[in-house]
Amino acid sequence: MAVSDADVLHVAALARLAMPADRVPALVRELNGILDHMAVLETVDVTSVGDDARTAMPRRDDIVGSVPLARPLAQFAPSPRDGFLLVPRLSTHSQLGATEGDE
Amino acid sequence: MSTAMETDVTAGFEMVVGLEVHVQLKTQTKAFCGCSTNFGAPPNQNTCPVCLALPGALPVLNARAVELALRVALGFGFTVNARSIFARKNYFYPDLPKGYQISQHDTPIAEHGRLDIGLLINGEPRVIGITRAHMEEDAGKSIHDRYESATAVDLNRSGVPLVEIVSEPEMRSPEEAGAYLRTLKQILLYLDISDCNMEEGSLRVDANVSARPFGQVRLGTKCEVKNMNSFSGVERALAAEFRRQCGVLVAGGSVQQQTLLWDGAKGEIRPARSKEGSSDYRYFPEPDLPPLLISDAELARVRETLPELPAARRARYAAMKLSEYDVQELTADPATGPFFEAVLALHADAKSVANWVNGEVRAVVNERDTAWDAMSLEPARLAALIDLVRDGVVSSSAAKKIFAQLLVSTDTPRAIAERDGLVQVRDDNALAGWVDEVLAEHPVEAARYAAGEKKLVGLLVGLVMKKSQGRADPKLVNQLLSSRATG
Amino acid sequence: MTAQDVLDLSAAQTARTIADRGASAADVVTASLARVAANAALNAFVTVASEADVRVAADVAPQGILHGVPVAVKDNIATTTLSTSCGSRILAGWVSPYEATAVSKLRAAGAVIIGKTNMDEFAMGSSTENSAFGPTRNPLDHSRVPGGSSGGSAAAVASGACRIAYGSETGGSVRQPAAFCGIVGVKPTYGRVSRFGLVAFASSLDHIGVFGRSVDDAAVGLQVIAGHDPQDATAVDVPVGDYRAAAGRPLTGLVVGVPTEYYPASLDAKIRAKCDRAIDVLRQLGAEIRTVSLPHTDLAIPVYYILAPAEASSNLARFDGVRYGPRAAADDLSDMYERTRSEGFGPEVTRRIILGTYVLSQGHYDAYYLKAMLVRERITQDFANVFASGVHVLFTPTTPSPAFTFGARSDPLDMYLSDIFTATANLAGVPAMSQPIGLVDGMPVGGQLLAAHFREADMFCAAYALEHALGPEALA
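Protein chains in written order, with my numbering: chain A, 1 to 103; chain B, 1001 to 1487; chain C, 2001 to 2476.
Looking at chain A on its own, in the form it has when it is part of the complex (with noise of 0.2 Å):
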């Protein structure tokens, strides 16, 4: 299963990294050196392993309260206006309007 430079390309842009041509290779070898180390986990047998369950998950009452901010969003935001955080339009959105972000 060795990682080849459309592999190392398609994941770069998932991660939204650019990805020079000249570093493909490099990267490459490297994940395969690494992935390489890694095979040895393919001989494991782990039928029995259980789930880990060391914790349960602690849940917090429903009272309206956070942790407060030292600085104001728009003192630190990169580009704020009218309270909004602005970003550069997709250049795929041609079109206008809201949309909602839950895919």
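These are computed hints drawn from the structure, not numbers from a lab.
Please note that a few of the clues may not be correct.
Pairwise CB distance ranges (calculated) [said to hold, decoys possible]:
no. : chain 1 : residue 1 : chain 2 : residue 2 : range
1   : A       : Leu-9     : B       : Leu-1120  : 47 to 57 Å
2   : C       : Ala-2384  : B       : Arg-1182  : 50 to 60 Å
3   : C       : Gly-2248  : A       : Ala-74    : 34 to 44 Å
The beta carbon of each residue, even a glycine, is placed where N, CA and C say it ideally should be.
Starting from the known structure of chain A, arrange chains B and C on it as the hints suggest.
Just chains B and C, lined up with the frame of chain A:
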């Protein structure tokens, strides 16, 4: 060929629909932080280190969100998983601060529910399987049309708790999808877990649609349709998308799996803008949150708080010999029933109480767009008014006038009736006087009536009522006139 | 006693001296800053607090057990007064608008934060060579690395600037630099110290840890930050023991396990000899020495280098230029993301994000991530079995070699293998610590103690005794 194009392209094809419903839970605070969930705050006001995804911040689960999710699970007959797992769904979008959404993936809180959608197919009730209900957090809002070449992000909604209810692909028509959604929403409102307001986004529906030739077992390629803002919009969008897919298939093409947006104003389907690289979400268990454990004891506690659901209430009302219409109306929303029953407790005739509640009272509720319990009408006063009608103290038409006064006055119905001269006159002498006068003023009709033309009684009663300015008891007038005809 | 002299007292003695008005807190922290300045060549700090600020902080510090004690904090633990840049360009100059729970506890105990220490970018590294702000040098030999990723904190303590410093651990990032710099480094049980405000690298493996000049300094340092925190769902609500109570306690009845897997044939003979001597000392002190086995030890590095990058790839997605941090100029959102992140992250972070994204991506999840999770359970079970058999603590070497020279581990895999004896404790969540047990070729060697979950006190018991018995010899 041209005639073939004009025939219904959908002929011979079966529609297959599965629905994903996102329900915003009615909590005070977000799913994983103490920020308020109130709607309409200034942009980014309801944010904190956690929902802004500041470096180092960590999520802590809202107990109330779990409780409401369990209500959903019990309300739809789901199996609750004693141990469920939150996962990270990884994708980049400006309104997703962490770069991942916390959602349940492999092991949701509830699985295997079912919903009787209230339709009969070949005499059998239509029951739709519900695959799962899982907890997740909402994303923020991206507004693309407010600023030149920039998208504005508001994270007030980021982290608001949702339950996503995913159906099996078991619906076969827009009508079934509509019935599923209406039934689902009704139960959700009874469970009191969400406002279920599609316009404000507290209930959102995505539909998966495919088409296949009748008789084919294998499912066709599905497309996802989003952006519907009403149930009728969902029905129209499904019909439009089904027609589109059938057109592709009839023309010998194949349907490409894609996400589409419904444009309700134009009544059109169009492809969604692509979210580049978003197809591989790289789900993995959220390491910041241990497994969510639900004990039998907790489930039992939630079950005890579960309100009566629509089906049980309908059965109870039907047993009161109310009409199908009355039962449907009284149970349409969760609040009508309690008001109806509060009146019924003081006035035993279910039918007349139902008439009032489904008639005059509902009209006021709808007109004022108010809640039943927020209306300035105590059930006891309505019961007293219905008593007055039953006892013949006031007429039905006078009762309607009194009802209008009940909403603006604190007087009792009887006091209003007396004040406004709406008490029916039942005094024999007074009634006899009016009858005599009417007969004297209309000698021709009086003579024909006396001669046995009984159908004139209606006319004469009306005249007496008019003369009495509506105060005469029409029943007694009727009796009096009958005695004159025979006397 | 001068303020400089007070700096050389233990942290507990420093606080006591200040409380008894033997020295002023403000003068002690000022003296600490003078030592930081004198050792500027180490590049141990990314940000140093101003003298005016620390004097004010010292004056108003509560009279807790660290009253007036200067401490250094790793650059990935959120503070509102000093920047928290994680050794990265993508957070350069970032001042957190909220504070880590551990930092709030430190302040409440009276400690004064003198600065934020250098680190491998986002704690990814074992040498502090991967910092956007230049490498940190080992105070004992400037041609060598201090270890990493908490190299700055280790160098701060080893250079005498402070007795206690805080770091973080994901695979050994406190214990390994402690070993390299000849000081004590403790990683508590997972869940013992809140992670709220610790900038995440790999959430299921990340711990805040503590460096001490001595075992007692480390014990006090841990004591003040340990405890439950409702802001961290993985923090465990178990009572905190008194770690210092173990000082001077005899080791009679203590069972020390020596796991064979940590003493491979390939282990440097001089390091093995130092370990053997330490084990002998423990035996002479009354401990029972038992040979034990942790059979899945050699799988720790493969498991670690799947899980840690996978979690990191997700944890570092928030650095997108939308809400904070620098944003690269771009007309399109996709360009903005790519430029901001590519300009912001260094090569090791990029490598791990790529690796982590790969092992989580479609078609690879089961073979890598899921398998690694299951093997992790095997490793955890190994420890559970050994501790259930009556063993109280384990003794092993901390690292396979002493501090190496700059650039000596240029191949990523070579660097990764230097975590071989430490990553297991992060995977299993058990507490572990390193303390000096002697010098090899003039550089210190660390001995590692490990204990069962929440049994830090057992570990400290052995550590106090060993430190006392070895004496200054440990560094000679």
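Range hint compliance [Cβ, C:Gly-2248 to A:Ala-74, 34 to 44 Å]: violated (56 Å)
Cβ separation of A:Leu-9 and B:Leu-1120, checked against the hinted range 47 to 57 Å: Roughly 56 Å apart at Cβ, these two residues keep to the hinted range, so it holds.
Pairwise beta carbon distance, C:Ala-2384 to B:Arg-1182, judged against the given window 50 to 60 Å: Since C:Ala-2384 and B:Arg-1182 have Cβ atoms about 53 Å apart, the given range 50 to 60 Å holds.
Hint compliance for this structure: hint 3 is the single one not met.
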